[in-house]
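Enquirer: Here's the letter readout for the chains.
Number of protein chains: 2
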Amino acid sequence: MAKERRSAIEPTRAQDYPEWYQQVIKAADLAENSPVRGCMVIKPWGYSLWENMQKSLDKMFKDTGHTNAYFPLFIPVSYLEKEAEHVEGFAKECAVVTHSKLELGEGGKLVPAAPLEEPLIVRPTSETIIGEMYSRWVQSYRDLPLLINQWANVVRWEMRTRLFLRTAEFLWQEGHTAHATRGEAEIETLKMLSVYEDFAQNWMAMPVICGKKTEGEKFPGAVDTYCIEAMMQDRKALQAGTSHFLGQNFAKASNIRYLSEAGAQEYAWTTSWGVSTRLIGGMVMTHSDDDGLVLPPKLAPLHVVILPVLHSEAEKENVLKYCETLKRDISQKKYCGSEIKVDVDSRDLRGGEKMWSWVKKGVPIRIEVGPRDIAADSLFVARRDTGEKLAYPRTKFLEDVPDILQSIQDGLFNRAKAYRDANTVEISSKEDFYAYFTPKNEKKPEIHGGFAIADYNGSAEIEDMLRRDLKVTVRCIPLSGAVPKGKCIFTGENAKYRAVFAKSY
Amino acid sequence: MAKERRSAIEPTRAQDYPEWYQQVIKAADLAENSPVRGCMVIKPWGYSLWENMQKSLDKMFKDTGHTNAYFPLFIPVSYLEKEAEHVEGFAKECAVVTHSKLELGEGGKLVPAAPLEEPLIVRPTSETIIGEMYSRWVQSYRDLPLLINQWANVVRWEMRTRLFLRTAEFLWQEGHTAHATRGEAEIETLKMLSVYEDFAQNWMAMPVICGKKTEGEKFPGAVDTYCIEAMMQDRKALQAGTSHFLGQNFAKASNIRYLSEAGAQEYAWTTSWGVSTRLIGGMVMTHSDDDGLVLPPKLAPLHVVILPVLHSEAEKENVLKYCETLKRDISQKKYCGSEIKVDVDSRDLRGGEKMWSWVKKGVPIRIEVGPRDIAADSLFVARRDTGEKLAYPRTKFLEDVPDILQSIQDGLFNRAKAYRDANTVEISSKEDFYAYFTPKNEKKPEIHGGFAIADYNGSAEIEDMLRRDLKVTVRCIPLSGAVPKGKCIFTGENAKYRAVFAKSY
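For the protein sequence lines, the chains are A and B, in the order given. Residue 446 in the numbering used here sits at position 439 of the first sequence, and the numbers go up by one each step. Residue 277 in the numbering used here sits at position 270 of the second sequence, and the numbers go up by one each step.
No lab work stands behind these hints: they were computed from the structure. Only a predicted model underlies this, so the values are computations on that prediction, with no experimental measurement involved. Keep in mind that a hint or two might mislead.
Put simply, identical chains are the same to the list, so a pair is met inside one copy or across any two.
As the list claims (entries may be wrong) - Cut-off 25 Å, straight-line C-alpha distance, at most; resulting in silico cross-link-like pairs (DMTMM-like, lysine to aspartate or glutamate):
1. Lys66 / Glu331
2. Lys361 / Asp150
3. Lys69 / Asp355
4. Lys33 / Asp297
5. Lys69 / Glu346
6. Lys348 / Glu360
7. Lys348 / Glu58
8. Lys225 / Glu110
9. Lys437 / Asp355
10. Lys99 / Glu113
11. Lys69 / Asp350
12. Lys243 / Asp476
13. Lys62 / Asp350
14. Lys108 / Glu92
15. Lys341 / Asp70
16. Lys99 / Glu468
17. Lys33 / Asp150
18. Lys225 / Glu204
19. Lys341 / Asp65
20. Lys62 / Glu346
21. Lys69 / Asp36
22. Lys348 / Asp407
Between the sequences and the hints, there should be enough to build the whole structure, so can you do that?
Expert: Shown next, in the form of structure tokens:
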């Protein structure tokens, strides 16, 4: 029912999607670039999203038997070298610590001094250092499984960065487990993938496809990499989480061996799995609109904001008192087992400015309260997801508020899923595939297809060709529906996989 | 009522206190040294202590109006240089990042490549990078106060490290606030000091003295540093937390200016305050005994452990079932507003080994349940703090368990306070002071005095003399009871302060 009007975010998604994304983040005050190359500052509103994600994920990890621990930030270069593919994958972009002090040099400038015997890198991921510790902790089959998670910062010296999606430093969790058997480790890998799927869909309201990466896209050193892939509103894919079955590769590199029940020395089987602050970027891009951020209630720092509408000083006391009582009443309601988070914004700002500030921050429900509403004991309630505005009798609203929040949560998921489904096509010829991924308008290269599902021969050559010609990659071989229906659409050979193809972040 | 016996930890505190500390940590499986110089690995039991500390502190910070955010790990060297005392304090021991990749060098070894234009240091503390961001965020008095906290890892290249107490990398929180007036910033500094005092005393059960540091001991760049100081069981002091009034020093260095209500450009007044994983070391050393770790219930990862006593396979099912029911009943009780954390240890271990493992881990209450106890519906309950063992009727225990936990919490605080008070003396002559701090036995240099309270002239010369002669420092000028009673005991001059002196960590 919104009137035709200018959007709060400029440019709009249709006008310039990448810039729209930056502006949504700015308008919601989530994060900004720091003067340190590639490193972002996560501001309070953005960080509270991460805190809420951490809280839910942490409970899921603990409910599946994991405990948290903390391992060193620094990794000796010699550790990285132990696994050949791993070092290949990470040596190219890493922060290298070479000195342990600064001294005054020529011209009074501080220069590095006290060189280290062996350079250290700032962890880009912790398989090697954790593997070293596990090799000390694991002696017998009784010490297995080891089920440990770490919340930490990691650094990958990315050349082209983008807030949340790709930054030199980011925050994440990395689970690292060691098992006595291959089967157990494989089950763990898939179990954590399904934890990520559950979190993405039921907390972030972000539909995802669970699948397996091809050889060319997997984690350096992994036997198998599984992932969850989501579609953003520019129809590009975002890899939102990965779970790796590492086989015995890292166990051999780090010498994680155990004495089996039968008395033999065996290498352990390990896994690792992680999600990062990238999820915030995914959440922003999945739900936000041309008026700014839209938050799923389950992760919103604030569920309801009450905006007193004051036309004169005389009304002020009465209206504010009513608002405070309303706040108290709402906060006694529960949503998903916790108190509903509600606040009164009594800042001395113009009504429009104040209202828009909360629209742009994505708060699910806004309530405007003025003297007339008080007289009628009625609330003027606006939903952030649909823009719908309704007058509610006060008691009715108090009864319904948990349901309204759940309806917003469900509505966001359904809307995102419908969008993804509408932009996913099955393709059965190379010509259609190339046409689908070729921008129709040179000025808007972001307008192209979405997800394509197609059969192919599974070869690296085809993947290279698509990457080169179209910047398209195999996002994953889905865990369900992956049986090829026909021949490879690119070569006419027998198809090995039915895969999801897309451009991606 | 404990019988004369060997202690579970060797050596005992009296035999070798520093080694006892290492062995308590090892026996409780809290942490260990990593192969990365100076960096520790915090193991699950140790990390859960940090998680509990974080949870309580974080709530206290939020209740006092602070929000969390996240700032970059790296600090450009030029930022560090902005505040003269600050750079002096931190340049000597820091990790310097100089390159952004590794390449194969001679002999096939990886060597640093792609040198950075400007070296970065890994944050030893974040005043300078946060100051830079604040200078961008603060424009007008309306933007103040800024009340932000960060949970993060920091690195100081310490030469002599010790688990938790002094490590190259450690975890901490650092609060950074900016205010419009000096008075407001001073109030903030003292408010956060009292949050730390509250946390130390009421959560960690660790009595502390609140006071101010002397010029020589304050934070590099601060106007005033306040601290909480605790006494360990070797009668040394541990600085457990600090809160700094930074005046306008960092505001000037980072150009944090605001337009005042009166329309003038003014520098803001800033504060910073922090506690770290060092607190875990303090907690270990305050309460533990010759049998290992002793945990205050408010921070224990587990309050009650139930140990089934099985003499035959036939009893097993019945005993385990009783234990599980007991666990459920206990977990429905509340302590300090939360569920009591209880577990059954049904591992296949010898009874003695199993029992001692929980003694060494510091769990406040152990319950042994065997067939005879079940027949009598009675529980054999052991308190970790006093060693006391009592048979409790089951229903009586269920009623009393929150009170028992609180009595352990209070008992630990009172015991630690009595120990500190018994080892604190007022000293009124230099001779007595030197005698107090001179070890009586050359072989046991750790046996010396404890805290000395004495009047002195407040000069750096006296402080240098004491540091050189006795390794004693002014721990703080207490916020209460700091009025000198007489002349400076070292010079006979007028006394400026009545201070607390001690050896320290």
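Enquirer: Against each hint, give a clear statement of whether it holds in the structure.
Expert: Results for each hint:
no. : hint            : in the structure
1   : Lys66 / Glu331  : between (32 Å within a copy, 22 Å between copies)
2   : Lys361 / Asp150 : between (57 Å within a copy, 16 Å between copies)
3   : Lys69 / Asp355  : between (44 Å within a copy, 23 Å between copies)
4   : Lys33 / Asp297  : within (13 Å within a copy, 56 Å between copies)
5   : Lys69 / Glu346  : both (22 Å within a copy, 16 Å between copies)
6   : Lys348 / Glu360 : within (22 Å within a copy, 48 Å between copies)
7   : Lys348 / Glu58  : both (15 Å within a copy, 23 Å between copies)
8   : Lys225 / Glu110 : between (43 Å within a copy, 22 Å between copies)
9   : Lys437 / Asp355 : neither (61 Å within a copy, 62 Å between copies)
10  : Lys99 / Glu113  : between (31 Å within a copy, 17 Å between copies)
11  : Lys69 / Asp350  : between (31 Å within a copy, 15 Å between copies)
12  : Lys243 / Asp476 : within (16 Å within a copy, 69 Å between copies)
13  : Lys62 / Asp350  : both (21 Å within a copy, 22 Å between copies)
14  : Lys108 / Glu92  : between (33 Å within a copy, 16 Å between copies)
15  : Lys341 / Asp70  : both (22 Å within a copy, 21 Å between copies)
16  : Lys99 / Glu468  : within (24 Å within a copy, 53 Å between copies)
17  : Lys33 / Asp150  : between (48 Å within a copy, 17 Å between copies)
18  : Lys225 / Glu204 : within (18 Å within a copy, 50 Å between copies)
19  : Lys341 / Asp65  : both (21 Å within a copy, 22 Å between copies)
20  : Lys62 / Glu346  : both (15 Å within a copy, 18 Å between copies)
21  : Lys69 / Asp36   : between (32 Å within a copy, 19 Å between copies)
22  : Lys348 / Asp407 : within (15 Å within a copy, 35 Å between copies)
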